[in-house]
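Protein chains: 2
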Amino acid sequence: MIKKVLKFGGTSVGSIERIQRVAKIVQKEHDNGNKIIVVVSAMAGKTNELLSFSKDISSNFNNRELDVLLASGEQVTCALLAGALINLKLNAKSWLSWQIPILTEGDHSNSRIINMNIEKINNFLDKKGIAIIPGYQGISSSGDTTTIGRGGSDATAVAIAKIFNTDSCEIYTDVDGVYSSDPNKIPVAKRIEKISYDEMLELSSLGAKVMQSSAVQTAMMYNIPLEVRSTFTDRNGTKIFSQESIDYTKSVTGVAYSKDDAKITLIGVEDKPGIAANIFEPLNKSQINVDMVIQNISSDQKTTDITFTIKRDDLIKTKKILELNKEIKYNKITHNDKVSKISIVGAGMVSTPGVTYRMFKALAEDKINILAISTSEIKLSVIIDEDRTLDAIKKLHTVFELD
Amino acid sequence: MIKKVLKFGGTSVGSIERIQRVAKIVQKEHDNGNKIIVVVSAMAGKTNELLSFSKDISSNFNNRELDVLLASGEQVTCALLAGALINLKLNAKSWLSWQIPILTEGDHSNSRIINMNIEKINNFLDKKGIAIIPGYQGISSSGDTTTIGRGGSDATAVAIAKIFNTDSCEIYTDVDGVYSSDPNKIPVAKRIEKISYDEMLELSSLGAKVMQSSAVQTAMMYNIPLEVRSTFTDRNGTKIFSQESIDYTKSVTGVAYSKDDAKITLIGVEDKPGIAANIFEPLNKSQINVDMVIQNISSDQKTTDITFTIKRDDLIKTKKILELNKEIKYNKITHNDKVSKISIVGAGMVSTPGVTYRMFKALAEDKINILAISTSEIKLSVIIDEDRTLDAIKKLHTVFELD
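First to last, the sequence lines map onto chains A and B. Under numbering that gives the first Met the number 0, the letters of the first sequence match residues 0 to 402, in that order. Under numbering that gives the first Met the number 0, the letters of the second sequence match residues 0 to 402, in that order.
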């Protein structure tokens with residue numbers, strides 16, 4: 000008998016009809032002889048509605064009460080889905096986080112699940128019960144309602160998979176898997192059948208918002224097999240495993256991109272220890288998120304050029320900080336605010352020679368100028384002119400046989 | 000230092016602006032040096048919205064899950080009001096029913112509050128804290144979420160007043176008190192300053208839906224002084240006390256009425272013991288609510304005439320049951336489906352001679368025909384033709400100096 004966590008996101012439970020569709024999926028999994036724990040998000044739009052209520056009261060709404068407010072969203076879905084399953088003559092029951100309990104630590108609106116009681120629910124599953132649990136929330140050691148950050152229902156699902164030691168964790172959503180790039184914008188993008196946790200993390204941190212990254216990280220840490228699949232079709236989704244379990248036929252798994260970036264270059268920075276820290280510490284203090292950082296040695300070998308990318312919205316603020324800070328010495332500051340970042344991601348890259356070369360050659364063939372390069376074990380990112388974004392993604396799909 | 004329960008109904012918290020208005024009222028009461036426990040309903044329309052979700056899933060939605068679903072409504076209001084108060088620099092905090100806890104017994108959707116823990120909240124009040132508590136709900140001994148029936152927030156407020164031994168219990172609503180009759184329909188109706196529990200019960204069971212009856216009953220049982228007042232004006236409301244505390248200057252406090260009634264008369268019913276039970280048992284089984292019952296002795300003194308009133312919607316069903324039931328023997332059945340019931344209510348009636356006579360005389364003066372009469376200690380009801388309802392209420396207001 001297999002024990003499964005099925006998690007349904009906000010669009011999957013966004014209306015009564017959709018909740019009834021979810022009930023049918025759960026019924027089928029149950030009738031196949033599986034033990035089922037279901038995790039649900041709030042109905043699509045609900046969390047934003049509640050959030051806007053709080054903002055109408057105060058732009059600085061109290062965090063403890065915000066958690067009480069937002070936690071109501073998943074409670075509603077839990078009760079509706081449990082009711083829909085009972086209506087199908089199944090033994091279903093909602094378990095709110097204080098009833099289990101799901102224990103968290105950390106600040107309000109940003110807690111982490113640290114433990115939960117498994118006995119009562121395991122007994123219930125043994126009696127063919129289907130447990131419905133709200134995602135995104137828990138209670139603190141002081142007995143307060145807490146939430147675990149936007150998209151936190153994925154984290155709840157993975158935490159349950161880990162603590163209940165389930166055989167799988169299936170993330171039902173409105174797309175039928177992870178794609179080699181955003182299928183809405185890149186028609187040639189293809190669904191990926193199997194992907195490693197690392198690749199998934201690189202892809203999701205680069206814009207493919209299928210699953211919350213910290214949930215993928217937790218799954219990776221405890222080696223919990225995941226599957227991302229659609230609530231609205233019967234097709235198989237994307238399976239997410241550890242790298243070792245995947246037999247790579249392709250070196251590159253997907254092409255991610257992020258827009259709205261800006262590039263800043265400090266030319267002729269004094270080359271001495273601690274200089275990078277001097278530059279990035281004040282930016283960090285001002286909550287400016289620095290993405291890629293590339294350092295070249297300057298032609299005179301006593302100074303260096305430092306290039307980094309930030310969100311375009313932060314450009315003016317960043318330049319002001321750098322220009323006002325007297326501890327940072329450089330000759331010149333330049334920027335380009337119309338750039339995007341294109342990354343090829345693939346756990347097979349490290350063992351496949353020539354991937355880097357093939358990428359550069361492909362872009363050169365199409366006269367796409369590379370403004371900066373950054374590499375990691377499973378990722379190769381380049382900064383290019385923003386208006387060539389789609390051209391580059393399509394070209395890379397062709398070159399690495401993703402389409 | 001006075002300890003108060005302030006309860007705010009659904010229309011009082013029906014929007015963010017209104018919740019902010021409620022926060023100002025609570026702030027004022029707190030700044031006056033009172034210890035404040037606030038009980039809130041769900042935002043107006045919310046409970047019906049959730050209920051319609053459940054009905055879209057099943058006309059027979061599971062009761063346990065319905066309670067989980069509906070309880071979310073008051074949770075939202077609690078968090079929003081607590082947030083609004085914190086925004087006013089007050090030390091406010093929401094306490095959900097499982098956090099207190101509020102213990103209930105009885106069936107789902109129809110539970111009764113039996114106890115609650117007072118220590119934590121009393122400590123909080125001692126530190127100038129303002130406790131915000133959801134009405135209408137609690138938890139069962141098995142740890143399930145329960146609700147205590149529509150309008151149950153009044154019952155929560157009275158239960159808190161009793162268990163926390165507060166000095167008063169103020170019910171804030173969208174009307175500024177209890178009126179001698181429905182002020183929307185009867186312009187001459189006047190606000191009542193003081194009323195006894197019994198009178199309030201008679202008035203509310205007869206259509207003046209200002210407070211839930213069972214909450215008034217509980218208040219009467221434990222002699223908890225109530226005040227019904229408006230969230231939207233500063234005017235004093237209606238104070239509800241025990242009968243002994245009220246110095247009656249008037250014999251009649253109010254005039255209640257109910258429309259949509261129908262009257263049935265069974266003429267020539269065999270006059271022997273148990274005959275009334277024979278008639279009303281099958282009606283009860285079919286969930287037909289019989290209101291007034293009047294029995295006259297027939298002219299031949301061997302048979303009797305029995306008149307009773309029911310809701311007009313039940314008329315056809317009721318006649319069918321009576322006609323098909325062979326155990327009920329009578330000569331003739333008549334009905335009138337265009338009647339209404341007018342009642343004068345007043346705790347002072349019993350000690351004031353001539354009230355009955357004055358009522359009949361007043362109606363006769365205006366040629367309003369009385370079709371049936373029923374009396375109790377503090378109430379006198381008559382059935383009249385429906386189209387004379389307003390005439391009768393106005394006339395009785397004049398006669399008993401209510402306008």
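Quick caveat, the hints were computed from the structure, so don't treat them as lab data. Fair warning: there could be bad hints in the mix.
[As the list claims (entries may be wrong)] Computed, partial: chain B to chain A, Cβ under 8 Å: (1) Ala-43; (2) Asn-47; (3) Gly-142.
[Unchecked claim] In the PhoX-like style, the derived pairs of lysine-lysine whose C-alpha atoms are separated by at most 20 Å in a straight line are: (4) A:Lys-331 x A:Lys-271; (5) A:Lys-284 x A:Lys-258; (6) A:Lys-126 x A:Lys-193; (7) A:Lys-54 x B:Lys-23; (8) B:Lys-301 x A:Lys-88; (9) A:Lys-54 x A:Lys-119; (10) A:Lys-184 x A:Lys-2; (11) A:Lys-119 x A:Lys-193; (12) A:Lys-54 x B:Lys-126; (13) A:Lys-45 x A:Lys-258; (14) B:Lys-54 x B:Lys-119; (15) B:Lys-45 x B:Lys-88; (16) A:Lys-331 x A:Lys-319; (17) B:Lys-54 x A:Lys-23; (18) A:Lys-45 x B:Lys-23.
The C-beta atom is built at its ideal place from N, Cα and C for all residues, glycine as well.
Problem - Distance restraint between Lys-284 of chain A and Lys-258 of chain A, which requires alpha-carbon spacing of 20 Å or less - result: Distance of about 24 Å is beyond 20 Å: violated.
Exercise for the section: Take a quick look at whether Lys-126 of chain A and Lys-193 of chain A sit within 20 Å of each other, Cα to Cα. Expected result: violated (34 Å)
Handout entry: Hint status (Cβ of Ala-43 of chain B to nearest Cβ of chain A, threshold 8 Å)
Key = violated (14 Å)
Problem - Pair hint Lys-119 of chain A and Lys-193 of chain A, alpha-carbon separation not exceeding 20 Å - result: violated (35 Å)
Problem - Pair hint Lys-331 of chain A and Lys-319 of chain A, alpha-carbon separation not exceeding 20 Å - result: holds (14 Å)
Practice task
For the pair we were handed, Lys-54 of chain B and Lys-23 of chain A, check the Cα-Cα distance against 20 Å.
Solution key: Distance ~18 Å between Lys-54 of chain B and Lys-23 of chain A Cα, so the pair holds.
Practice task
Would you mind confirming whether the straight-line C-alpha gap from Lys-54 of chain A to Lys-126 of chain B stays at or under 20 Å?
Solution key: Between Lys-54 of chain A and Lys-126 of chain B the Cα gap is close to 28 Å, so the pair fails against 20 Å, i.e. violated.
Practice task
With a cut-off of 20 Å on the C-alpha distance, tell me whether Lys-184 of chain A and Lys-2 of chain A pass.
Solution key: Between Lys-184 of chain A and Lys-2 of chain A the Cα gap is close to 37 Å, so the pair fails against 20 Å, i.e. violated.
Problem - Pair hint outcome, Lys-54 of chain A versus Lys-23 of chain B [Cα-Cα no greater than 20 Å] - result: Satisfied, since the Cα-Cα distance of roughly 18 Å is no more than 20 Å.
Problem - Satisfaction of hint between Lys-88 of chain A and Lys-301 of chain B, Cα-Cα up to 20 Å - result: Violated, at about 57 Å.
Handout entry: Pair hint outcome, Lys-54 of chain A versus Lys-119 of chain A [Cα-Cα no greater than 20 Å]
Key = violated (38 Å)
Practice task
Double-check Asn-47 of chain B for me: the hint is only fine if its C-beta lies closer than 8 Å to a C-beta in chain A.
Solution key: Result: violated, 14 Å to nearest chain A Cβ.
Hint compliance for this structure: hints 1, 2, 5, 6, 8, 9, 10, 11, 12, 13, 14, 15 and 18 are not met, and every other hint is.
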